[in-house]
Amino acid sequence: MLSGKRHRCRLCFICGQPLWLCVHSSLAMLSLGSEVRSPLAPARPKCNSILHLFGEWLFEAAQIGTELTKGGFREGSNKRPNSVMLDHSRKGSLSLSQPGSLSEDPLEAPSCLSIDRYQAGRAEAVGALCRIFCAKKTGEEILPVYYARFYLTLQQCLKQVEMSKECDECLACILVNSTDLLRLDLDGVLMLVPSIIDALEIVLPDKDLKLKSPSISKVELRRAAIHLLLSMLALPLHFQNLGIKDLTPSQSQERSSLTFLQLKPRLMNLLINALQVEADPQNTQMLLGGLMLSVLDSALFEEMDQVTQPDVVSNETTSNLLSSDSAHALFVRATYLVCHRLISSWKTDLNVSLAALELLSGLARTNIRETDALECKRAVKWVCDYIVYQCWRPPPAHSKDLHSTIVAAFQCAEAWLVAHPFLLQDKETLHTVLEVVELGISGSKSQGKPGEQIKMKDDKELKPVSMRVRDAAESLLAIVLEQVGYFPAACGAESLSCLLDEVLLVRHCNSWQGENLTQASAVSKFRYFVVENATVLALLEEPLGNDQDPQPTVTVLIRGGFGRHAWTLQLRHLPRHRSGTKYQHTPNPGRPVPLEDPPPRSHSRHKYFPDSVERIPQCKVDKSIPDLNA
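All the letters of the sequence shown, read from the start, carry residue numbers -33 to -1, 1 to 597 under mature numbering (1 follows the signal peptide of the UniProt record, and there is no 0).
One or more hints might be untrue.
Unchecked claim - Across the chosen pairs, the derived CB separations fall in these ranges:
| no. | residue 1 | residue 2 | range |
| --- | --- | --- | --- |
| 1 | 274 | 464 | 30 to 36 Å |
| 2 | 477 | 426 | 43 to 49 Å |
| 3 | 592 | 558 | 53 to 59 Å |
| 4 | 426 | 527 | 25 to 31 Å |
| 5 | 318 | 240 | 28 to 34 Å |
| 6 | 512 | 491 | 15 to 21 Å |
| 7 | 267 | 491 | 49 to 55 Å |
| 8 | 130 | 88 | 17 to 23 Å |
| 9 | 88 | 8 | 21 to 27 Å |
| 10 | 570 | 512 | 57 to 63 Å |
| 11 | 267 | 539 | 47 to 53 Å |
| 12 | 464 | 418 | 40 to 46 Å |
These are calculated hints, taken from the structure and not from any lab test.
Note that this is a predicted model, so its numbers are computed, not measured.
Yeah, the Cβ is synthetic: ideal placement off N, Cα and C, and Gly gets one too.
Taking the hints into account, I'd like the entire structure generated from these sequences.
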C-alpha cells in the first residue's frame, strides 16, 4: 500500500499499486521524445533541508491573495523547526528564529495592488514548491508540517483557478512542475486529486486555450496536464469506495463525502475530450495509451467482479452497461473516436496512425461483455477505408513508413476478424474485406468507382503497392479462409497448424498393416511439389481407413508461410445426396443413370417459302409451274 497510514486500500486487481503503474508509463513516455526538464541530481539535498532554508519565503509568496493570508489558517503555523531567516531589526544579518512569517502581521495584499503585479512571483513560488516536493527520494521523510502547508497552498491556488475558469500563470506553473506529484509516495497527496481534476478540466478540453504565461508553451502545458491525468486513471478502480479526506472542512457536503469511484466518469470524459482536441503527435500517443489502459482496467475489473459477485453482476440492467464509465461504454466511445480521427486527421501522421492501429488491435482482443456488433462492423469498415486511402496516395507520398502503416492496418483487420468471427457473416463486411485484400495483392480493384466497368482478373496488371503490403494482404486472406471461426483450434490456442504429418497419415491408410513406420518410409509414399517457391505440397494417393465411402482419394499436406494444413479430396461422379440410396455413404454409387425418356415429337408442316409468299396475289404464270406435292 502507499503508506502505513492507509491500510483501508481496497483490492489491487492488476499488479502492484497504481502509482507504480504510473511510474512505468512515465518511463515508457521517455522513448517518445526528449523531456523538457533535466533529470534530478542523484546527490541532491533532502527536501527538509531546502524547506528549512527557503520554505517560509516560498509559502508566503505562494499564499498571497488566498484565504490562507486572511487569518484563520495562520495560527497553527507560528512555530516550525530550525529555520534561518532574515532579522528585520538588523539589515543584512542572519539569526535563528521560529516565527511563522517574515513579518508579525498577516501577509495580505494591499487593496491598491492588483493581482497582475504579483501573479508572476506567486506562480514562481508555487512552481518552486512543486519542484521541491517532486524531488523527494525513495524512503525520504518530509515533516508533516511541510506536507500540510504545501497541500493547503496548492489547494487554495487551484481553488482560485476553478473560480476564475482561466489558465493563469499560477496554474501553468503548477501543472508544468507537478507532472510526477501523484507518482511519488507522498503522504496524503491523494487529497489533492479532486482539485487537480478541476484544474485539468480547464486546460485539456479547450482547443483554443489562451495562456497568460509567455514562458510556457501550449504543447508543454498540455503534456504536463496529460502526465497528471495518466497518473490518476488507475486510482478509481483501485481504491473504489474509499473516501477522499477533505483538507478544509468548510467546503460543501458533496465534496466532503466524495469517493474515488465517483471520480471515474469525470476522468473518462476528460480523457475522451482531451483526445478529441489534441493536435500534438506525442501528446496524442500518450492519450491513446491512457485510453487503452482505461478500457483494459475496466474490463478486467468487471470480469473479476463477475467472478467474485455473480449475483450482483447478473442483476445489472442495460443502463448500468451503458453508463459512461463501464467497459462497454468505454469500448464503444474509444472505437468510434479513434476510428473517426484515424480516417480524418491522423491518416497523414504515420506515428499517430501506428499508435491508433495498435490501440484498435488491443480493443479487438479485449474481452468486453455485451459487445456491440454494429460498432465492430464499423471499425473493420473504417480500417479498410484507411488502407484504401493509403494505397491510393500519389507515388511521391509512398515510403517505407507509409507501407508500415498499411501492413499494421492489415494486421489490425486480422485481429478484429479473429476476435469477432461473426463479422464475416455480414455480406457487406465480407465484400469490404475481400476488396481490400484484392487491392493489397494486385494493386487495384476489379470494381472501381460506381458506374465503372468491372475489370476482369486477366485484364488487370499485377502491381501491388509493395511486396510487404502484398504479403500482409495474403496473410489476411489466409486467416479469413483458415482461422476465422476456427480459432482456437481443438488442439489448443498455442498451435495454429495442423498436427497431422506424413507418419500419422500413412498409419490411417488401409495399406498400413501395423508394422514399424519410420519417417523415411512414410515420406516415400508421398509426392512433393513446390508452388511459387513458397508452398510445399505433399500428395498421398490412397484412401484413408476411417473413410466410410472409399473413393479415389488424394490427401494433401500444405506447408507454407501460414502453417501446415491437411486437406482431403475425393473424385465422385455424383454428389452424396444424389446417390439414389437411403444411406448417405454408399460403397459403390454405380454409373450415372442415363435419361431414357425420348423427347416429344412435334408434328409440323414443312414450308419451302416464307409466309409472305402466300399473301401475294397469284397470276396465271404462277400456276404454270406445277406444285411439288402434285
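Against the structure, the hints:
no.	hint	verdict
1	274 <-> 464: 30 to 36 Å	holds (33 Å)
2	477 <-> 426: 43 to 49 Å	holds (48 Å)
3	592 <-> 558: 53 to 59 Å	holds (57 Å)
4	426 <-> 527: 25 to 31 Å	holds (28 Å)
5	318 <-> 240: 28 to 34 Å	violated (22 Å)
6	512 <-> 491: 15 to 21 Å	holds (19 Å)
7	267 <-> 491: 49 to 55 Å	holds (53 Å)
8	130 <-> 88: 17 to 23 Å	holds (21 Å)
9	88 <-> 8: 21 to 27 Å	holds (26 Å)
10	570 <-> 512: 57 to 63 Å	holds (60 Å)
11	267 <-> 539: 47 to 53 Å	holds (52 Å)
12	464 <-> 418: 40 to 46 Å	holds (45 Å)
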